[in-house]
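With chain A fixed as given, assemble chain B onto it according to the hints.
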Amino acid sequence: MTTLSQAHASPTPSSPSPTSVMRVRCCSSAGCLAGGAAELRQGLTAAVARRELQERVAITGVGCLGPCSQGPLLAIDPDGTLFAGVTAADADGLIAALAHRLQAVSAAEWEAPLAWRPAAGEQVDTGRPFFTRQRRVVLENCGLIDPERIEAAIERGAYEQLRHTVTDRTPAEVVDTIRRSGLRGRGGAGYPTGLKWATVAKMPGERKVVVCNADEGDPGAFMDRSVLEGDPHRVLEGMAIAAYAVGADQGFIYIRAEYKLAIVNLRRAIEQARRRHLLGAGLFGSPFGFTVELRVGAGAYVCGEETALIHSIEGQRGTPRPRPPYPAEAGVWGRPTLINNVETLANVVPILREGAGWFAAIGTEGSKGTKVFCLTGKVRRGGLVEVPMGTSLATIVSEMGEGCPDGAGLKAVQTGGPSGGCVPASLLHTSVDYESLQALGTIMGSGGMVVMDHSTDMVAIAAFFMAFCRDESCGKCVPCRAGTVQLHGLLQKHLAGDATAADLAQLEALCPMVAETSLCGLGQSAPKPVLSTLRYFREEYVARLKPGPTAAAAGR
Amino acid sequence: MANSVAEVMPTARSEHLAGAAAPGGQAFEALEPILRRYHRSPDSLIEILNQSQELYGHLSDDLLRHVAGSLELPLSRVHGTASFYHLFRFRPPARHSCVVCNGTACEVKGAAPLIEALEQELRIGLGACSADGWVSLGSVRCLGTCSAAPVVVIDGAVRKHQTVSSVLAAVRELDAEHGPEGEAEPQP
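Protein sequence lines, in the order shown, are assigned to chains A and B. Each residue of the first sequence is one higher than the last, beginning at 4 in this note's numbering. Each residue of the second sequence is one higher than the last, beginning at 837 in this note's numbering.
Chain A with its partners taken away, still in its complex shape (with noise of 0.2 Å):
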């Protein structure tokens, strides 16, 4: 302790500038929690107690900071030096390390490298592929900020816009520099955010409502989850900027029950707006008013479908209807509706700050900004990445996920998981936008992104994801209902290798009519990973097939 008082004494750092404090960003998203990022946090706030360091090095809880696959993750601030795999145990040495480096008197001992390594960790190489190609848009205070801190969040700027929105824009204009920014829905369907904003700022109505959809249920996805534990005044400051535009004075976020520390991010970061009358009525002096709450769903992947949704949080069974009324015009007991994805309001707020046109010149003619997306499954650096639109699927899974770990080769890439399809690795340098990925039979989706190596056999992943919409089919439609009952008896027969050619010309009939005449896009877009794999891997169905009268017209 006599060494830190000196130091304290020392000339060098006797006024504590910037610099002379450390922090140490520790990673409290779900992904690290599960790996101890809890008690590591707990163990550095212990440690810096006992060292009485809590002047100068401060513990604090950030979202998501990227390569989770390697977590529990911390950043050591000023320079941002990012560590992988560390726990409780390597607590106590870093604080002893930073202990050190606080005493530094020259500016040389200040900036070398820390002379601290988890024990069973690594440091992080932040120039590797994984962190250069990232271009963070909605994810840029993810990360950095404190969720749990609304100061936080306000230093980095947060509620910024949506003052200026209040008091000096006009709805039409904010509405017009979305629709100039050629924003796209970022859940997976892709529809223009503008002309969704306008149709419904359109619709004659006293009241409208603004839905954020956080039910994020496409397994292998988790980009709104980071969003919303990360960062979440971000998507209320967009909600409460598109409720302006719309016309719109009560609002509420839709999500998961699952992801229960984003749920209690949320309450929070509400609770906190509330208080400092950043939401709630006469925003800013102005007449306008706008309140949010929050309702968790209760595990149902068709309440992502936005009628469904509507009756979900109208406290009924979670079921669609058909389209037209759309909710636009008839949504939320009935009154003009607007329903948007946590990632696209999360947009909402840069785009206004730097300009509709900054906006457009990222991505590409058709698509957009960035997208966030999941890197999970056979990938050696796996995580949460944002890239520009247009960015090669090669790129993301070869270059940035480092490819498969253990030498066995890429084999596919799952994007949209059970409303998508599986890219074959021959198609990799297919550029990452809205309609290069539809030519290929799958969709961008919400941003799952599972790789895929040679040991994944591809009639089992089509019938697994059968499985999860025969599973989650809310049974309003016969071609839903009974369709994927079918065609994932189909693909078990298949898998048992009992099949014959006549079964698998009855799966490929039974695809285009399920997807046809299925009410919403649950079934509509079932059979996508069935058509994508017998797309490209036709062989393995082939290959399985029982000698049968028919087998020569498989071979097709």
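FYI, nobody ran anything at the bench for these hints, they're computed from the structure.
Covered stretches of chain A (chain B as the covering partner; in silico rule of three or more C-beta atoms under 8 Å from a C-beta of chain B):
{"hint": "1", "stretch": "219-232"}
{"hint": "2", "stretch": "318-327"}
{"hint": "3", "stretch": "379-393"}
These figures come from a predicted structure and were not determined experimentally. Where a beta carbon is used, it is the ideal one built from N, C-alpha and C, also for glycine.
Leaving out everything else, chain B in the frame of chain A:
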């Protein structure tokens, strides 16, 4: 508590009667602040069911009837809504829960062998609960912690990068507490 009613009427049908007669206001006092917070609004049915389950562990018939009465909704509407969503339980949960994530990333990284091993070890099928109410084995479609795949959640704690041996060791730890009478003492 319904028990007190049962004591007053110790007939063969007491249990049934106790359940049916349980006056909501008395039996589910802890739910009252929640009902008030949501203004007994039918729109908040799912929120209220979520929190009811959190309070009481499961949605019993009595509880559903109480909620229906409080919100002035038909029981069919309340039961129909509750049974639509996967996360609502109608039977008391087992003392321990073991949930294997069955999302795409976990599937690709080997969730199936984990489920198989757990089914053998616990001698119950997926989605079942052991006869003594000790442990249940379930699956969930993606927790969104895919970087930690394959993931198993035991008593609410998410365990990352699980293997057959690590997951079996974890459930055997539960078993160690479970041991026959007299052996449940923690070892020094």
